[in-house]
Amino acid sequence: MKLVYFASVREAIGVSSEQRDVPEDMHTVSDLVAWLAGQSEEHASALTQQSRLRFALDQNMVAVDAILGNAQELAIFPPVTGG
Amino acid sequence: MKLVRISCAPIQPERELAALAGLGGGALSSFTGIVRDDGGVTAIELEHYSGMTEACLYGLIEAATARWSLLGAAITHRVGIVSVGAPVVVVGVASLHRAEALEATAFLIDRLKTDAPFWKREHYADGTAKWVEAKASDDARSNRWA
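For the record, the sequence lines run as chains L and B.
Numbering-wise, the working numbering comes out as the position in the first sequence, counting from 1, plus 352.
Numbering-wise, the working numbering comes out as the position in the second sequence, counting from 1, plus 12.
Read the hints as simulated data drawn from the structure, not as lab findings.
Bear in mind that the values here come from a model prediction, so they are computed numbers and not experimental data.
Take the hints with a grain of salt, since some may be wrong.
To be verified - Only some residues are given here: those of chain B computed to face chain L with a beta carbon under 10 Å:
| # | residue |
| --- | --- |
| 1 | GLU59 |
| 2 | HIS89 |
| 3 | VAL100 |
| 4 | ASP151 |
Said to hold, decoys possible - Calculated Cβ distances over 12 Å to all of chain L for the following chain B residues:
| # | residue |
| --- | --- |
| 5 | ALA21 |
| 6 | ARG27 |
| 7 | LEU35 |
| 8 | GLY37 |
| 9 | HIS60 |
| 10 | SER62 |
| 11 | ALA75 |
| 12 | ARG79 |
| 13 | VAL96 |
| 14 | ASP122 |
| 15 | PRO129 |
| 16 | GLY139 |
| 17 | TRP157 |
Glycine included, each C-beta is placed from N, C-alpha and C at the ideal position.
Whenever a hint applies, use it, and build me the whole structure from the sequences.
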């Protein structure tokens with residue numbers, strides 16, 4: 353799965369995107385983010401507090417309990433601040 | 013007419029609105045957001061989620077068009093480094109009469125603030141920079157259109 357990071361999440365992890373083989377027992381965005389947080393110290397510092405993060409599956413905003421299904425891309429970012 | 017533009021170069025509000033002025037309506041409403049000199053800020057830096065941003069902004073214009081009787085709407089948003097005093101975003105709406113254009117303009121900028129995938133970092137005169145935090149007051153303004 354393609355993982356895409358923005359703003360402070362991108363800076364903490366150190367890359368803007370990466371490709372990862374996701375374990376099959378990951379059902380929701382929350383499952384995947386919790387697993388990802390265990391992949392390195394950088395991922396842990398960026399992803400441990402899920403309530404401070406927002407998510408998009410295949411470029412559509414979703415809640416943290418959204419089902420991953422067949423999505424190809426998960427974006428993880430802080431709350432948006434445009435305008 | 014539904015126009016969405018993400019620009020790396022400086023934007024001129026009157027240019028972004030020109031196409032809306034010729035649609036035969038009696039009203040053209042607009043909002044321009046400008047970089048504020050907030051406690052020593054010299055510039056802001058904007059990043060966005062290319063692809064999702066454009067789809068999101070088109071979706072907001074679609075929602076406004078479904079809700080009000082409009083002749084056209086345009087959203088132009090800067091990305092990259094934007095200096096204090098320069099425009100960051102221009103929203104324009106054309107309609108036959110003023111009420112629709114005024115309300116739809118407020119709807120579009122309120123929803124853009126909470127829904128569109130842009131992130132802003134403030135740069136200060138001493139060379140430091142800080143990510144801007146989302147504001148609860150923006151959520152409240154956006155939610156009043158629910």
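Against the earlier hints, flag every one the structure doesn't satisfy and list their numbers going up. 9, 10, 14 and 15
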